[in-house]
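Q: Given only the sequences and the hints, what does the whole structure look like? Please build it.
Here are the chains, one letter per residue:
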Amino acid sequence: MSAAALATRQTAALAWRSIITTLRLPQAWFPALFFPLVLMAIFTASFGGAPGNIPGFPPIRGFLDFAVCGAIVQGVLIAGTTAGAAFATDIEHGFFDRLVASPTSRVSILTGRLGASVALGVVQALLFLSIAAIFGARVEGGFWGIVVVVIIAATFAAAVGGLGVYLAIRTGSGEAVQGMFPLFLALLFFSSAFFPLATMTGWYHAVAAVNPISYLVESMRDEVLGGATIWTALTGIGIAAGLAAISISASAITLRRRLRVAS
Amino acid sequence: MSDQAVETQDLVREYKGGVKAVDGVTLNVASGGIFGFLGPNGAGKSTMVRMLTTLLKPTSGTAIVAGYDVAKHPDKVRRRIGVALQDAAIDPYMTGRELLRLQGVLHGLPRAECRARAESLLERVDLVDAADRRVGTYSGGMRRRLDLALSLVHEPLVLFLDEPTTGLDPVSRVTLWEEVRRLNREHGTTVFLTTQYLEEADQLADRVAIIDGGRIVADGSPSELKAKIGFPMLSVVAADGSTPDDVSRVLATFGEIVPGAVERGAAVRLPGGSTAMADAVRALDEAGVRFAEVDLTEPSLDDVFLASTGRHLGADDDVSE
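Just so you know, the protein sequences line up as chains A and B, in that order.
Just so you know, we're using our numbering here: the first sequence kicks off at 790 and counts up by one.
Just so you know, we're using our numbering here: the second sequence kicks off at 369 and counts up by one.
Derived from the structure by calculation, the hints contain no laboratory data.
Warning: the hint list may mix true and false statements.
Claimed, not checked - Far from chain A, some chain B residues (derived; all Cβ distances over 12 angstroms):
| no. | residue |
| --- | --- |
| 1 | 471 |
| 2 | 538 |
| 3 | 609 |
| 4 | 628 |
| 5 | 674 |
| 6 | 678 |
Claimed, not checked - Chain A stretches covered by chain B per the calculated footprint, using a threshold of three residues with CB under 8 angstroms from any CB of chain B:
| no. | region |
| --- | --- |
| 7 | 797-804 |
| 8 | 931-945 |
| 9 | 996-1004 |
The structure presented is a predicted model; accordingly, all values stated were derived computationally and were not measured.
Glycine included, C-beta positions come from ideal geometry on N, C-alpha and C.
A: Rendered as structure tokens:
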């Protein structure tokens, strides 16, 4: 078997392992579904009358259509934090050592974990869209709109997964990675994930306006609410890909440094 | 592979702050045997194993494992070694069978072979019934056996076991010893095991090196090591009518008295071995010293440790727990 084929197989096997260990541990997947969905429900119930009544809101059919993309991004953030924590636990408990002491390709250690995050991100996006659809939401962008939303969610999942791995290697502690979560959540709340930029004022608006997550969510939202163009889609994909490039490079560099110092 | 499974030359690992966990270790481990690396906690055993298994880079010196330099060809070493580290690193949410198959894939075995190896190893370590249970439900002994099986998926030439029985109950410990012996006997796998238990080294290993403070303080077969430090010890317990001093006075003419070894009597290291024992007993009799018990004990590895480091191997207390 060629080195590339072997690495691909190892990546798939490690991704599979990450996915099944996530699914078998309710505390690993439950928060990533529960909190965003509850928040989505609360917002929809609270602000159901907002569109059309509150200045700054775009003309939309219902608040659920507006809220679903923020929920997807929030779910991906939670799942990514959990994945990072799981990677840190692998380091703490020695699974990482077992991998390093075997001929597992060093790339697969990273791509296996990220592959699982991407796969779970796809499932999460589709699940959230389906649940929103059941309660009356509609993706105006149709099939390709869904594809774009899923691609952005999956790419963003890779970005968050990369950040999780980076933090895991730097701290070597699952609790420390989990402890970063409020910070990520703040990053999400200081964006237009849940409310449009136009309704915000002062410094809050200023922060949200420079937060890349704002534009990432908005490009997803354009697909759901209508008005998306190839450029809005590429903006979202580009932001997610850019974030992924940064976080994955950082995690690859720290992983390599760790392995160099170690081995 | 050459006839040496492990060869190190002046191996050093220095941690930040200048602490040398391993301080110039030169070691040769012949292929086909069971090598026991004995030392107390913090002596440098695990650091040594981490270097030999490519997990840690030596600060200086060389290590050749299974024919390849760990620093220059870590990948070649990794293909040829099996590793079961301390605190069995096992995913609690996966089943034994899943983990064995995963390990096979990581080693690049074809799919069919992964399955076949998993089945035969499950059988070998007696985990067939538990194969589809999550590892989180396994007992400590079952985990160690699975860990051992995991390290054997690719049929390694050299197997590294870092404190394989620490924390195990005596029955599980003996089961694991038997498995290691069988592996060595039937498959010719060289076993490099670290332990803080004298008994384990004595029972399992055909060669032992004792490490303390990062340096090898003794190296040889258990019987060689014991013979080197000496003479068997004759202990005599005084009976009514005689005092320990009476016993001691007579025994002192046969060798060096071991202070404090016998509570109501005395003990002496006998250069003449068991032959001298008869003379000593006769001398006691002729001197009119009454005694109740006479016992001749061969030196233990603890005596070796004591002689080499001036301390008892304290961790050995755990064995009786």
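Q: Hints first: check each against the structure and report whether it holds.
A: Structure-based check of each hint:
1. Its closest Cβ contact with chain A, about 7 angstroms, brings residue 471 of chain B to no more than 12 angstroms, contrary to its assignment away from the interface.
2. Non-interface call for residue 538 of chain B relative to chain A: holds, since the shortest CB-CB distance, roughly 25 angstroms, exceeds 12 angstroms.
3. Here residue 609 of chain B stays apart from chain A, with its beta-carbon at least about 62 angstroms from theirs, past the 12 angstroms limit.
4. Against the 12 angstroms criterion, residue 628 of chain B stays outside the reach of chain A, whose nearest CB is about 42 angstroms from its own CB.
5. At the 12 angstroms boundary, the C-beta of residue 674 of chain B stays outside the reach of chain A, the nearest C-beta of that chain being 33 angstroms off.
6. Remark: the non-interface label on residue 678 of chain B is consistent with the geometry, its nearest Cβ contact in chain A lying 34 angstroms away (cut-off 12 angstroms).
7. Here the region 797-804 of chain A counts 4 residues with a CB under 8 angstroms from a CB of chain B, which clears the bar of 3, and the coverage holds.
8. With 0 residues having a Cβ less than 8 angstroms from any Cβ of chain B, the region 931-945 of chain A misses the three-residue criterion, and the hint is violated.
9. For a cut-off of 8 angstroms, the count of residues in the region 996-1004 of chain A with a CB near a CB of chain B stands at 0, and the three-residue condition is violated.
Checked against the numbered hints listed earlier, the structure breaks hints 1, 8, 9; every other hint is satisfied.
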